[in-house]
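> Take a look at the letters that make up each chain.
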Amino acid sequence: MAPDSSAAVLAARPAAAPARGSAMKRFARRRSTIAFLMTLPLITVIGGLVAWPAGYAIYLATLNRRQTAFIGLENFDILLESETFRSVIWQSCFFAITAVLLKALVGFWLAHMLHHIPAKGQKIWRGMLLVPWVIPPALSTLGWWWMFDPSYSSINYLINAIGFPSVPWLGEPWWARISVIIVNVWYGAPFFMIMYLAALKSVPDQLYEAAAIDGATGWQGLRHITLPMMQNIISITVLFSLIVTFANYDIVRVLTNGGPRDLTQVFASYAFQVGVLSGNIPRGAAVSLFMFPLLAIIAYFVLRGVNKRNQEMA
Amino acid sequence: MSATARPSEMVPGLGRRIGSLRSERRWALWTAYISLIIAAVVMLAPPLYMLLTSIKTSAEIADPSGNPWLVLNPTWENYAGIIGNPMFRGFFYNSIILTVCVVVITMVISVLAAFALARMKFFGSQVLATGVFLTYLVPDTLLFIPLYQIVGGLGLLNSIWGLVLVYPTLTVPFCTWIMIGYFASIPKELDEAALIDGANWMQMLTKIFIPVALPGIIAATIFAFTVSWAAFVYPTAFITRPDEMPLTIGVVSQLIRGDTFAWGQLMAGALIAALPPVVVYAFLMDYYIAGLTAGATKG
Amino acid sequence: MAQVSLRKIVKEYEGGVQAVKGIDLEIADHEFVVLVGPSGCGKSTTLRMIAGLEEISAGEIDIGGAVVNDVPPRDRDIAMVFQNYALYPHMSVRENMAFGLMLRKFPKAEIDRRVNEAARILDIGMLLDRKPKALSGGQRQRVAMGRAIVRDPKVFLFDEPLSNLDAKLRVQMRTEIKKVHQTVRTTTIYVTHDQVEAMTLADRVVVMNHGVIEQVGPPQELYHHPRTRFVAGFIGSPAMNFIPAKVVERGNGLVLHLPLGTELAVPEHRVARYKAYAGKTVTFGIRPEHLTDTQNVNKPHVAIFNATPEVLEPMGMETLAHIKLGGAEICARLDPLVAASPGVPLPLAADMNNMHLIDDATGLVI
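Residue numbers (this note's numbering), protein chains in the order written: chain A, 93 to 406; chain B, 16 to 314; chain C, -16 to 349.
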């Protein structure tokens, strides 16, 4: 297979004509060349539009506002000292962790419930429950925004109807944070549900039957069979969702646009505000780069999980 | 069945346990259905409310005394208004051009690369496959600022061609990743048979791999389509001129004018904008879901 | 139609593992040759090198008078039938069979003629418009053969084509393959691990083990005159019995001392052949059908001895008796009417005309 090993054998056996060695190498090289050409567009996209901008971002972040002078880590310093940015860090982490936990729980619960009903009905329910994931989030968040509207809120109408006072959804910082999380959970829980449902279906029924005969209750079956079997897919989904949620922009932009008083800004929206709207590109790049170490750590664990899963399936 | 009936008469406890098993099952089913009904209501309420708003008259929307969940005088005037709006039609047109270009580019790049990575082991192929997966994990909000500079440097800000250039970073890694998985699942003997039958690499790809992995191709195409249709960060950052805006940012930024929100038209516009992915989903749900779950389990 | 020659073929994988260690083989035009051996013996690798699916580490392969080492599979003019059939799932049977011809730009009429002819030979005319998914295992097997036949190649290659079929269908398809070969007469190289397939199909059988050829010959020759202990043990079912024995001179003749004090006389026409081993320990080999009950034994050179069966397996037309003789487990074939029971000693007749002695040091049959 590998050109070098065949070359070694040929070298050890002078009886074989050397001309053929080169012909075989040529064949292997031709295949490599074709393969390389086929992957060239991909390499261009990854290299030119991901790797190069990533490096460029680091360079940008070390420049001054007008991009005329190198100022080292000053942008990072200034950011860390600013009250607003510290609240951005806090809000991003709070938002991502809470939202992902809730999505994971809701998704798991729904997947479980779906798995329990007769197979015939599953498709319709699954179809309905996945709708939030299908609508572009920027657009569905518009709908939520309207539902949270201070004077016309249809949610407050329902809350009033059961005798509670109106909620200042987007006006109060805490309620605004909760609103952002609600919309994100609404949008993302169906994805978790679909992933878990696929994982649940991959657990063979005989295992549950064997466990039931061994005397396991439903809860013990979940605890000792379902969860261990799904462990990997759960962790992959959670980690992946952490990345996406942490870097979320659409929902914050449409729903609160960072307000009130910048208290719902997350990394992405703040980077946008600083970099594009206020025109301080280097500092905006620095804001984005703050996400990088965290994302890198999460990505490492995702990759490990995926590799482990592939080994298990092989 | 008959064997269980007899001992249950002799041992009273057993009969009760069978009965409790049945009621336990019924309970579980009830819990499941109640949970699902509540979930469906919550999940479908926002789009439903958008629909309700979109068929109300402005007067009805502005009346704070009525029940917002009821429509007294359904009307199509918001839809007529939004469709009659040339700017909105422009957004739609831009989105279509943009999405078609991105889907085609994505599929060509992904299928070629996935074929090479799945079948033609070459120097660095393993590293590249891992690199593909890693780029899939890079969120768009991490790189939009340097890309803003790069696209600006190319003079493509405020042009959908700038978006055509950068959207593949959102679609190509995932599509390549799942296509590697689909191609790798094709038995090796099939390409050997094709090789003996006289196919070259290109014929093997177009005559064997693409038709056999068609479900994967469809899933990847759907993914590329929905992602580029819904993309929001890049157009928000790169496009400020309304005539070059695609739907997402166009609806969000241009249909909201000042303080006088035309809520009915806004909701109608958002719903029309959301329609293509929803239609694709409705008709190709199985492929859509296969594509969603493939990322974690394939490749 | 062509002959195939393998000259000093070597396949070495990365890390220096040799799967095929320099084999030589001449296959004549029209011949049906079966490569047989246990899994990992290098038979499939050899076939795949002939097909061009594996690179040849050293040596030469010659098909029809031209060295093909550097020729890609499509230009070698071969056709191959795979174990899992490798039918293109998205094409109908007709398209599957036509695919190779289409890629070679045959005229439409010629393609149709060949496909219909192959379908007629294989009796799959009514399946031509079905997809592989709608076919049974045996039908898929036929289509895979049809795909090979339409190409009218120089050589047919079969890679364990029957091992995915159930036992009954396998026997049926075996006959089918033989019939097809008798019709089209294309040179055929067939790989299998099943020695029954090898015996029934082959003009010549090539027994391989650990990357080398143990013996090449017509089935009967391999059966009656195995050259090595491996071939003796591999060909034949139930397998040949191997018993440690000592060759002892007695008068002008030779006697074998078996475990438990059993003695068997060597026929006088073999004495000269085994003389050199007098006084040495060898392995005595005898097939179960030459180890029988003592009814109707009136041939010369039959040695009678007593043994105690441990297990009896009635097969209907015969009863297999499993006997422990010292450390060796041996098997004898009894007439089902003979009254035998486990644990009860029984006289057995060994037909010494068909005895083999094996030199333990070389593994060669003496």
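In case anyone wonders, no lab produced these hints; they're calculated from the structure.
Incorrect hints may appear among the rest.
Unchecked claim - In silico DSBU-like cross-links for lysine-lysine, where the CA-CA straight-line distance does not exceed 30 Å:
#, chain 1, residue 1, chain 2, residue 2
1, B, Lys222, C, Lys(-9)
2, B, Lys136, C, Lys(-9)
3, C, Lys282, C, Lys258
4, C, Lys4, C, Lys(-9)
5, A, Lys293, C, Lys137
To be verified - Covered by chain A, according to a simulated footprint, are these stretches of chain B (three or more residues, beta-carbon under 8 Å):
#, region
6, 94 to 108
7, 128 to 135
8, 228 to 234
9, 241 to 248
Backbone N, C-alpha and C fix where the C-beta goes; we use that ideal spot for every residue, glycine too.
> With the threshold set at 30 Å, check whether the alpha-carbon distance from Lys4 of chain C to Lys(-9) of chain C stays at or below it.
With Cα atoms ~8 Å apart, Lys4 of chain C and Lys(-9) of chain C stay inside 30 Å; holds.
> For the pair we were handed, Lys222 of chain B and Lys(-9) of chain C, check the Cα-Cα distance against 30 Å.
violated, 37 Å
> Within a Cα-Cα threshold of 30 Å, do Lys293 of chain A and Lys137 of chain C meet the stated pairing?
This hinted pair is violated, its Cα atoms lying about 50 Å apart.
> Checking C-beta pairs, does the region 94 to 108 of chain B have three or more residues closer than 8 Å to chain A?
violated (count 0)
> Count the residues of the region 128 to 135 of chain B whose CB lies closer than 8 Å to any CB of chain A, then report whether that count reaches three.
holds (count 5)
> If you count the residues of the region 228 to 234 of chain B with a beta-carbon closer than 8 Å to a beta-carbon of chain A, do you get 3 or more?
As far as the region 228 to 234 of chain B goes, the hint is violated, because 0 residues have Cβ atoms under 8 Å from chain A.
> Does Lys258 of chain C sit within 30 Å of Lys282 of chain C, going by the straight-line distance between their CA atoms?
holds, 24 Å
> Report holds or violated for chain A covering the region 241 to 248 of chain B, Cβ cut-off 8 Å, minimum 3 residues.
Our answer is that it holds, as 5 residues pass the Cβ test (under 8 Å) against chain A, meeting three.
> Can you confirm whether the C-alpha distance between Lys136 of chain B and Lys(-9) of chain C stays at or below 30 Å?
At roughly 28 Å apart (the allowed maximum being 30 Å), Lys(-9) of chain C and Lys136 of chain B satisfy the hint.
Checked against the numbered hints above, the structure violates hints 1, 5, 6, 8; every other hint is satisfied.
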